[in-house]
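Asker: First to last, the protein sequences are chains A and B.
Under my numbering, the residues of the first sequence are numbered 62 to 504, in order.
Under my numbering, the residues of the second sequence are numbered 62 to 504, in order.
The hints are simulated quantities; they were obtained by calculation from the structure and are not laboratory data.
Keep in mind that the hints are not guaranteed to be accurate.
[To be verified] Listed next, the in silico DSBU-like pairs over lysine-lysine satisfying Cα-Cα at most 30 angstroms (straight line): (1) B:Lys147 / B:Lys353; (2) B:Lys188 / A:Lys94; (3) A:Lys188 / B:Lys94; (4) A:Lys336 / A:Lys188; (5) A:Lys94 / A:Lys188; (6) B:Lys287 / B:Lys188.
Number of protein chains: 2
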Amino acid sequence: MAKKVVIIGSGFGGLFAAQALRREDVEITLISKTSHHLFQPLLYQVATGILSEGVIAPSTREVLRRQRNARVILGEVTELDLTSRKVTSQLRGATTVFDYDHLIVAAGAGQSYFGNDHFDAFAPGLKTVDDALELRGRIFGAFEMAEVISEPRERNRQLTFVVVGAGPTGVEVAGQIAELSRVTLRRDFRSVDPGDARVVLVEGSSQVLGAFGQRLGGKAKHELRKLGVEVLLSTKVVDVDVMGVELEDAGGNRWRIESACKIWAAGVQAAPLAKVLADQAGAETDRAGRIKVLPDLTIPGHPEVFVVGDMMALDQLPGVAQVAIQGGQHAAKQIATGEHTPFKYFDKGSMATIARFSAVASIGKVRLSGYPAWAAWLFIHLLYIIGFKSQITALLHWLIAFLTSGRSERTITRQQIAARLALRAVGENYPPPAPIRTQPKDK
Amino acid sequence: MAKKVVIIGSGFGGLFAAQALRREDVEITLISKTSHHLFQPLLYQVATGILSEGVIAPSTREVLRRQRNARVILGEVTELDLTSRKVTSQLRGATTVFDYDHLIVAAGAGQSYFGNDHFDAFAPGLKTVDDALELRGRIFGAFEMAEVISEPRERNRQLTFVVVGAGPTGVEVAGQIAELSRVTLRRDFRSVDPGDARVVLVEGSSQVLGAFGQRLGGKAKHELRKLGVEVLLSTKVVDVDVMGVELEDAGGNRWRIESACKIWAAGVQAAPLAKVLADQAGAETDRAGRIKVLPDLTIPGHPEVFVVGDMMALDQLPGVAQVAIQGGQHAAKQIATGEHTPFKYFDKGSMATIARFSAVASIGKVRLSGYPAWAAWLFIHLLYIIGFKSQITALLHWLIAFLTSGRSERTITRQQIAARLALRAVGENYPPPAPIRTQPKDK
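Extracted from the complex, chain A is given alone in its bound form (with noise of 0.2 angstroms):
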């Protein structure tokens, strides 16, 4: 008989682990939270309005439609046993019990507020299609604000953009907003300038883009400076309110920027299944919650489970889309074979974009920056969400926001606006879920 194999998430890692499967003669179930395969690196340009949320979020349903030995459950896992190897997934009331001879866990990571998880509110992260619809709204909703507001303070506030954090994430959004306000809004309002923006990088350490080396790092400040964001190093934020931000820099001097929108693109958290997992398994995990695996990416004293890409703690490996696809392959290659093989990570490269024909890329021993980098990051973007049937219009949708500086994707709506607050104030799981239960008979 097939073996079963259950896949927990469908990020990079659970969809790239189904997909290597296919010639398998397996039983894959891959539950997800989540109805779509995330392209998560481009998130950003959803929340700045190059992109619609389908390009980058595919049905995991869809793209795996021919696969026969798959099967897609959308749900949120509530169970782990790993004794006698159950999982259960819930959806709105509806439970449902999947055993497993292989589990691969591949449930991805949150933002991180480092213990000030009130700073959510006002500083949403850029980890979901929600998070990046409601920067969209928020963004774009701020220089609206400012266009009606004639007191000059808080017109200021509202056109101040603080973005945390100077990863690839950090960067790309800080940019995207700069190129917003000086080119695509440009001509759209008539009582402020949006070019008059304040987009401001916060950085707790002394480098933009840390894991790029200090030359890239160099140059992504220097274009990031050039765009006319404020790059702020050796500064942390040791407050988030409505208002604004507070801010502390090495010398241990404190001040405010009185700041409207504000982004958190600064550290990751493990899912809460990190957690369930690793206390059942006597598993270790690291500050980011983490679980620490073992070479071949399964967990000790469980050969037959493999987490994998954010969730996953080995050798210092960053949290990166290839991590988390490689990982995901190696673990589908080890159930194929039935053999366990340490995993050996082969770093392509990474590559982040600052603006329209700016980036950097460090790919092996090459360093590049400006317009090859960016014609590279382009090539190789396109490349990889070719296979999820969206790249024409993608591609499109890229080629008119690069050629006339538009953003055609801008909609704000009041569930953007309002919807993480308002969620927040009823409990997570509002609304309850309607009662399954058998009714009269229609007549």
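Following the hints, position chain B against chain A.
Answerer: Leaving out everything else, chain B in the frame of chain A:
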């Protein structure tokens, strides 16, 4: 000095009025609750995953960016004073008052539940981008739920879609859900066959597409039935709850249909501003709350105040885009020339799509159905959205959707699923706006 023209609403009436005044020596202020112009006739395509919201909801500000005599204000009109000629707009605590010499009121209409406003939580309408995104989540979400439910009655409830009202929107939504279930999603599920989905179109009158005449209505009904839509004519909805709908036929027989996803496409109600305006001017309103205007589209005693589009009642004109467009242009022309002339509506015809390659159209004395009507529909809609910069992407999205039966915009987010109820629970004005006040000076 240039005359001040205030336009309320960024729909067809308001936007086309603004554009018609582009060469005049006037100062235009267009105030709207949404930052986008909504191409409402295609909203059902957002709800069913074909188009992204950005394609049919371009930023009003972007559309009018080069029109230097126009400014766009995001805000809700909270006060209107016909005597002092002032309009007050609010945006999250920021209040602005605008004087006018001429006023064009084009705030449109919302869904009407005929006195049963509580239906709205269970059966959203299709009037706003939020509505469309929520329905998208509900429609695709129902299939996801069905996939994880083993209890047959509940599974069937999830796979039963009830569309109320067989006007163009109802017909288009019912047709698209049927096509989605029969074609697009056919291979996407493992436990359920989406083709088993039951799509019920409920209409109180004895005909589908009443405004199109008996012959085309009959064709549309036939096409819908061929697609597998159950068409219930002369049937009223007497109750809607979370589990389903209660129906009553012409003979007074009542029965229930258990359905998780209900869509309301019956009846409209003019925006509340209509009542404010009518009360002040002593004008009459009709049953749908629309203001009875004079033949030149002004209200009695106020030749400087025009009402156009879905807020206006005149000669039984239908609530369609063309009436709003031509009304807006007629108001603009009278403002430009200073001469008041009666509005003459030129009926360019009407059309409704049923599915891929299937539509009905009534243009002058010509009646088209099937493929020719669909081709005409496509051509005309493309022509109209030209000028909103979205035509290439819209065309491409359509082509992909039509050629592959795919749907590239299927993203379900938590905000789509739960935001409406959560926002209702916490109150319409949640969260309270941040105080607008001077802050301690930045250090």
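Asker: Please verify whether lysine 336 of chain A and lysine 188 of chain A have alpha carbons no more than 30 angstroms apart.
Answerer: Holds, at about 20 angstroms.
Asker: Hint check: lysine 188 of chain A vs lysine 94 of chain B, CA-CA at most 30 angstroms. Holds or violated?
Answerer: holds (29 angstroms)
Asker: Are lysine 188 of chain B and lysine 94 of chain A close enough, with their CA atoms no more than 30 angstroms apart?
Answerer: holds (29 angstroms)
Asker: Between lysine 287 of chain B and lysine 188 of chain B, does the CA-CA distance stay at or below 30 angstroms?
Answerer: holds (28 angstroms)
Asker: Decide if the proposed pair is consistent with the structure: lysine 147 of chain B and lysine 353 of chain B, CA atoms, cutoff 30 angstroms inclusive.
Answerer: holds (22 angstroms)
Asker: Taken at face value, is the distance from the CA of lysine 188 of chain A to the CA of lysine 94 of chain A at most 30 angstroms?
Answerer: holds (13 angstroms)
Figure legend: structure checked against the earlier numbered hints; every hint is met.
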